[in-house]
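Asks: This is what each chain is made of:
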Amino acid sequence: MNILLKEVRHKPLLWLLAFVPVVFAAAKLKPEAHTLLFVLSVLAIVPLAALLSHATESVAAKTGDAVGGLLNATLGNLTELVIALTALAAGQTMLVKASIAGAIVTNTLFMLGTSFLLGGQKHHVQEFNRVSARMQAGLLFLATVALLIPSAVATADSSTQAAFTQSLSLGLSVLLIVAYALSMLYSLKTHRELFASAEHADEGEAPWPIGLALGTLAGVTLLVALVSEIFVESVQKAAEDFGMSPAFVGFIVVALVGGAAEMASAFSGARKNRLDLSVGIALGSASQIALFVAPVLVLLSYVIGPAPMDLQFWPGAVVMVLIATVTATFVTNSGRSTWFVGVLVLMVYFIFAMTLYLLPPRAV
Amino acid sequence: MNILLKEVRHKPLLWLLAFVPVVFAAAKLKPEAHTLLFVLSVLAIVPLAALLSHATESVAAKTGDAVGGLLNATLGNLTELVIALTALAAGQTMLVKASIAGAIVTNTLFMLGTSFLLGGQKHHVQEFNRVSARMQAGLLFLATVALLIPSAVATADSSTQAAFTQSLSLGLSVLLIVAYALSMLYSLKTHRELFASAEHADEGEAPWPIGLALGTLAGVTLLVALVSEIFVESVQKAAEDFGMSPAFVGFIVVALVGGAAEMASAFSGARKNRLDLSVGIALGSASQIALFVAPVLVLLSYVIGPAPMDLQFWPGAVVMVLIATVTATFVTNSGRSTWFVGVLVLMVYFIFAMTLYLLPPRAV
Amino acid sequence: MNILLKEVRHKPLLWLLAFVPVVFAAAKLKPEAHTLLFVLSVLAIVPLAALLSHATESVAAKTGDAVGGLLNATLGNLTELVIALTALAAGQTMLVKASIAGAIVTNTLFMLGTSFLLGGQKHHVQEFNRVSARMQAGLLFLATVALLIPSAVATADSSTQAAFTQSLSLGLSVLLIVAYALSMLYSLKTHRELFASAEHADEGEAPWPIGLALGTLAGVTLLVALVSEIFVESVQKAAEDFGMSPAFVGFIVVALVGGAAEMASAFSGARKNRLDLSVGIALGSASQIALFVAPVLVLLSYVIGPAPMDLQFWPGAVVMVLIATVTATFVTNSGRSTWFVGVLVLMVYFIFAMTLYLLPPRAV
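Residue numbers (this note's numbering), protein chains in the order written: chain B, 325 to 688; chain R, 325 to 688; chain L, 325 to 688.
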């Protein structure tokens, strides 16, 4: 517990933890102040996500390479998963889908692009492990195909369409999880030497003792779930007050909030000329959401949701995920980056953000 | 003839030739037993295709490099061509189109992916000739553009649309055949040194004497044509009995049957760490179907078919061919492969197969 | 003035300048002879564009690297800009859009493909600066995303759609111009050493004195504007006489006329084995039109046009621009080229040209 307090004292980001009790109090006292609750829940989720991320890494560090890699790979996006599960339980399937597509796009474009830009401002030309980036891009490509196909073969006949999409989504979810499991077997076991420089690139932080790490993992996950409930309830109405379209909220706002902790790590890695770390976090996180979080949500929607979720996304979202994947493949192909590569990637993101911001409310 | 018998004795695959007389007898005696006829005709076509393939290679080996390459390049997919011509003569344009798109997708994804997987299980990292793979991928890309454009510029006005699609398909077919001819000039004559390791990589089999080879070529082509008639007649009804959609039959079943002989060669090459051979067969076969077989069928449809065939495909098929081409370009770009690359490619194929299997019958 | 005359005497292309007075006389005497006026105005624009191009380069050479690069980058497509502005002032928004998309496609496919083909016929294998080609391809990709998104997220509700497309187009135009400005900062200043061999590759021509160059720039721009007026007025009706669809005219004819001068430079560079120059002109010109000319036209349409122009293109045009960008990315990826690469690229162009030629008039 001492270590935890020391950690909090040295990391200004964690001072935001003060907002956790504040948001619970506010939700009790002013349940209709949506904008206030939205802002407070965002401020509370960000430090919780950072704690969660550090706790996962600490457990991973203690359990050895294979299990640790597995843990990192499954719990790395625990915040996104918990937020999405809360939204799913509240029946907000549209928000869940938007936040999945948004998280893929935000990690691939915003996190990767900003890493390239920040790193490139300090270092003239940076290099990174192409093999690792190519595998992540390949996984993203596979997930994109899985999201694209249900829309591409959609039939006009709506009676058969629903059942078809449902069973296809179940099958695709199983395939994606199998592909994800095999990718771990590949990168952690059979060909781990190819991924050498990108893996286990610790951030210079000492791991916590296992007891503290496990306790934090459990306790903070619970806190994230509770704050997420307030976040999910308030986000749509707050967005209206801010004049944002629902698509913009799901795609951009939720994705940025859910990924804030990882972004901090990725950006700091880029500044330290450890671009392998940044590319690994950005693309690894995107492919994890696409091949693990999304299909797990589809499968869990049969258990916890009021209605099952499928993998048929709004065509605009599919196009954006597709463009994001192509962009990632294109820029990681050479294994080198400069600040302008970051600009190009960010510009694609800004095009999406602007489009979603301007989109008329009923369009999605 | 002695050689032929010896060949049959040493290759278990050729024992299936016993099904050739069986299928003819069954077609006479039980013309309504569609499922039986389907299974028997598949069992008969596979060894015939293997014989045809070996006869073509033997003639090619005897006629010298340039003519031989030309022969291989035009007769290499004779089985697919004969099956498609039989279907065309029977007026089954939809089945022909599905089998063309299916053969491109199956060769690009299933044959290439399985080669990578089988080779990668035995050899840690495999290398292959990038230049050759890039040219094949480029040809496939060109063919994909030709298939994509008629759908992309389709007009709402159906009266002018039909005439437009017809004349466009004729023009595109001529362009594709010209491109294919120039690709042979390029790889067999002006820049043959770039393709060195991939070309004429014999499989350790002795070529047949020219007389036997030519006789086999003629006789077996006739047999394939006769069995194809039974196959084409029975396949749709048999598929219904098996609960398969027509799209699945055309795309997956016909393509697997037509390409079985080449797959055997490609997989055996991959196990022997001769991945150049496997990639050459898989992508070469796909681009040959796209740039030679398909346009020849369009041109011949004016002569033999009850109605002319065009190049406007079902949009879902165009998307699948496009994704297959992008996948091939992506994975052959580095010139190296491991088992996981094979898994990625096969997963894309499984996504397509699953989608087509679940597709409601009236969707295509 | 002496230098100018000497220049004219030594360059047969400039003899076409004789058509400038002819076209003005013809426009006065026979204003209804559309086909004649069309042919004459084409013959007059081509040498004017060549003069304009040389004048821009001369001013650029005198003003030092940074300003010169800037000038080349902004005035390099002055002919296209003046023609488009004339069409915009005449309210022909459709023609402007078709000519923008057509110029991107023509430069990327026809100019690049012919350069590869002509260079490859003389030189076995040619190499060029990949870094420069990759940046141009990246810029083109960004512009393609900007053209793709308005169509991809188009809503069925037409009342909100128009306002949405309008404001989105304005925002995208600003983003594209910013990206273009940053690309100049990158290639001319921060990372200019990466572009070494492609930049300032003069064609062995002596630059003009600054006075002559500036005078020519001003005078010839005015002449191009005047001839463009005749061209824009006559082109549609002349096309009908020739049996061409309006889409073919905008996409192919206007683009070829506007880019004739640059094509002469690119082709001559390829023959001299200076493929860096050819690739730089072809892709640089395409990305300049996409990221500078097009957005400037959108912004200026609020000032000079009868109606504002947006960035929502005909879907077929978007698909063609997308395919052209992918083709450019694919073939420039290896940094090497042969004649067959040129054939592949040209074939894609011929597919587009044939499709547009055959397209029924009302389709676009």
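A portion of the hints provided could be inaccurate.
A pair holds if it fits inside one copy or across any two, identical chains being indistinguishable in the list.
Stated by the list, open to error - The calculated lysine to any residue pairs, modelled on SDA-like cross-linking and capped at a C-alpha distance of 20 Å, are: (1) Lys386 x Met508; (2) Lys386 x Pro355; (3) Lys513 x Leu624; (4) Lys446 x Leu509; (5) Lys386 x Ala530; (6) Lys386 x Val449; (7) Lys330 x Leu499; (8) Lys446 x Leu670; (9) Lys330 x Gly567; (10) Lys446 x Leu512; (11) Lys386 x Leu541; (12) Lys335 x Tyr681; (13) Lys386 x Gly659; (14) Lys446 x Pro632; (15) Lys335 x Val642; (16) Lys386 x Leu546; (17) Lys513 x His447; (18) Lys330 x Thr484; (19) Lys561 x Leu580; (20) Lys446 x Leu506; (21) Lys354 x Val332; (22) Lys561 x Pro531; (23) Lys352 x Leu328.
Since the hints were derived computationally from the structure, they do not count as laboratory data.
Asks: Hint by hint, say whether it matches the structure.
Replies: Here is how each hint holds up against the structure:
Taking the shortest alpha-carbon separations for lysine 386 and methionine 508, only the intra-copy value of 19 Å comes in at or below 20 Å, while the best inter-copy value is 49 Å. Taking the closest pair of Cα atoms, lysine 386 and proline 355 never come within 20 Å of each other, the shortest separation being 42 Å inside a single copy and 69 Å across copies. In the homo-oligomer, the alpha carbons of lysine 513 and leucine 624 never lie at most 20 Å apart, since the shortest distance is 29 Å inside one protomer and 53 Å across protomers. Taking the closest pair of Cα atoms, lysine 446 and leucine 509 come within 20 Å of each other only across two copies (16 Å); inside a single copy the shortest separation is 36 Å, beyond that limit.
When the C-alpha separation of lysine 386 and alanine 530 is checked against a cutoff of 20 Å, the pair qualifies only within one copy, where the shortest distance is 11 Å, while the shortest distance between copies is 60 Å. With identical chains, the CA atoms of lysine 386 and valine 449 are never at most 20 Å apart, being 35 Å at best within one copy and 31 Å at best between copies. In this assembly of identical chains, lysine 330 and leucine 499 lie within 20 Å of each other by CA distance neither inside one copy nor across copies; the values are 44 Å within and 44 Å between. In this assembly of identical chains, the alpha carbons of lysine 446 and leucine 670 lie at most 20 Å apart only when taken from the same copy (18 Å versus 42 Å across copies).
Taking the shortest alpha-carbon separations for lysine 330 and glycine 567, neither the intra-copy value of 41 Å nor the inter-copy value of 64 Å comes in at or below 20 Å. Taking the shortest alpha-carbon separations for lysine 446 and leucine 512, only the inter-copy value of 19 Å comes in at or below 20 Å, while the best intra-copy value is 32 Å. In this assembly of identical chains, the alpha carbons of lysine 386 and leucine 541 lie at most 20 Å apart only when taken from the same copy (14 Å versus 66 Å across copies). In this homomeric assembly, lysine 335 and tyrosine 681 never come within 20 Å of each other (Cα to Cα): the closest approach is 33 Å inside a single copy and 54 Å across copies.
In this homomeric assembly, lysine 386 and glycine 659 never come within 20 Å of each other (Cα to Cα): the closest approach is 31 Å inside a single copy and 38 Å across copies. Taking identical chains as interchangeable, the C-alpha atoms of lysine 446 and proline 632 are never at most 20 Å apart, the minima being 48 Å within one chain and 42 Å between chains. For the homomeric pair lysine 335 and valine 642, neither the shortest alpha-carbon distance inside one copy (38 Å) nor that between copies (49 Å) is at most 20 Å. For a Cα distance limit of 20 Å, the shortest separation of lysine 386 from leucine 546 qualifies neither inside one copy, at 22 Å, nor across copies, at 68 Å.
With identical chains, the CA atoms of lysine 513 and histidine 447 are at most 20 Å apart between copies only, with a shortest distance of 15 Å across copies and 33 Å within one. Proximity of lysine 330 and threonine 484 under a CA criterion of 20 Å is satisfied in neither setting, with 59 Å inside one chain copy and 54 Å between copies. In the homo-oligomer, the alpha carbons of lysine 561 and leucine 580 lie at most 20 Å apart inside one protomer (18 Å), although the nearest pairing across protomers, at 53 Å, exceeds that limit. Proximity of lysine 446 and leucine 506 under a CA criterion of 20 Å is satisfied inter-copy only: 17 Å between copies versus 37 Å inside one chain copy.
In this assembly of identical chains, the alpha carbons of lysine 354 and valine 332 never lie at most 20 Å apart, being 29 Å within a copy and 82 Å across copies at closest. Neither within a single protomer nor between protomers do lysine 561 and proline 531 lie at most 20 Å apart by alpha-carbon distance, with minima of 40 Å and 64 Å respectively. Taking identical chains as interchangeable, the C-alpha atoms of lysine 352 and leucine 328 are never at most 20 Å apart, the minima being 28 Å within one chain and 83 Å between chains.
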